[in-house]
Amino acid sequence: MKSVRSLARWAGYALAALPLAVARAAARMRVPRRWLREPIRRRGITPLRVVAHSILSAGVGLLAWFLALLAGLGFVRGVAYPLVAANDYENSWGGPTLAGAWAAHAALGVGLLPVWLAALAGLGALQLRLIRRLFERTGPAWPIPVAIAVTIGGVFLFLAWLAQV
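So the sequence shown is numbered by the working numbering: it starts at 1 and just counts up by one.
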């Protein structure tokens, strides 16, 4: 149970990254200390580093919110399958009966929630490494290119999702 709460805290930090991207530097440093018990020390923060963190953190934060949207859609569509998508259940997963299709979609909608939570927690961990690299100037340099790659990948994921909607 403790690990689920810990994952939820990290996922919450990933979702908080988007509004924090436009907050003052002091607020950005305070949130990891309070939510994650990870203090961030101020070491030569320049305006350029603050702007870089804003851009990278906002990109990763937008992806986190998009993943949360997909998780919510999957959960609601799975649990409420007969109400939202039961027009062709003979050919859907779990068919040919409505009960089988509903059970299959509900199992996927509920069963994938831990996967979505873990993905969001991973983005929260990336956010922490990013602020440490840019504000503390400690740790490896990999969070910066990873944040860029994750943001670009998130744009492609969003465009692919938009094309199939």
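Certain hints may be false.
Taking CB as the label site, the calculated pair distances span [what the hints assert, rightly or not]:
{"id": "1", "residue 1": "Val76", "residue 2": "Arg42", "range": "38 to 44 angstroms"}
{"id": "2", "residue 1": "Arg41", "residue 2": "Pro114", "range": "30 to 36 angstroms"}
{"id": "3", "residue 1": "Arg41", "residue 2": "Leu159", "range": "34 to 40 angstroms"}
{"id": "4", "residue 1": "Leu98", "residue 2": "Gly72", "range": "51 to 57 angstroms"}
{"id": "5", "residue 1": "Val51", "residue 2": "Gly139", "range": "15 to 21 angstroms"}
Everything labelled a hint here was simulated from the structure, so no lab data went into it.
Just so it is clear, the structure is predicted and the values come from calculations on it, not from any experiment.
For every residue, glycine included, the Cβ atom is placed at its ideal position computed from N, Cα and C.
Verification of the hints:
As the Cβ distance of Val76 to Arg42 is approximately 42 angstroms, the hint placing it in 38 to 44 angstroms holds. Between Arg41 and Pro114 the Cβ separation comes to about 33 angstroms, which falls inside the hinted range of 30 to 36 angstroms. Separated by about 39 angstroms at the C-beta atoms, Arg41 and Leu159 satisfy the suggested range of 34 to 40 angstroms. A hinted range of 51 to 57 angstroms is violated for the C-beta pair Leu98 and Gly72, which are about 23 angstroms apart.
Take Val51 and Gly139: their Cβ atoms lie about 20 angstroms apart, and the range 15 to 21 angstroms holds.
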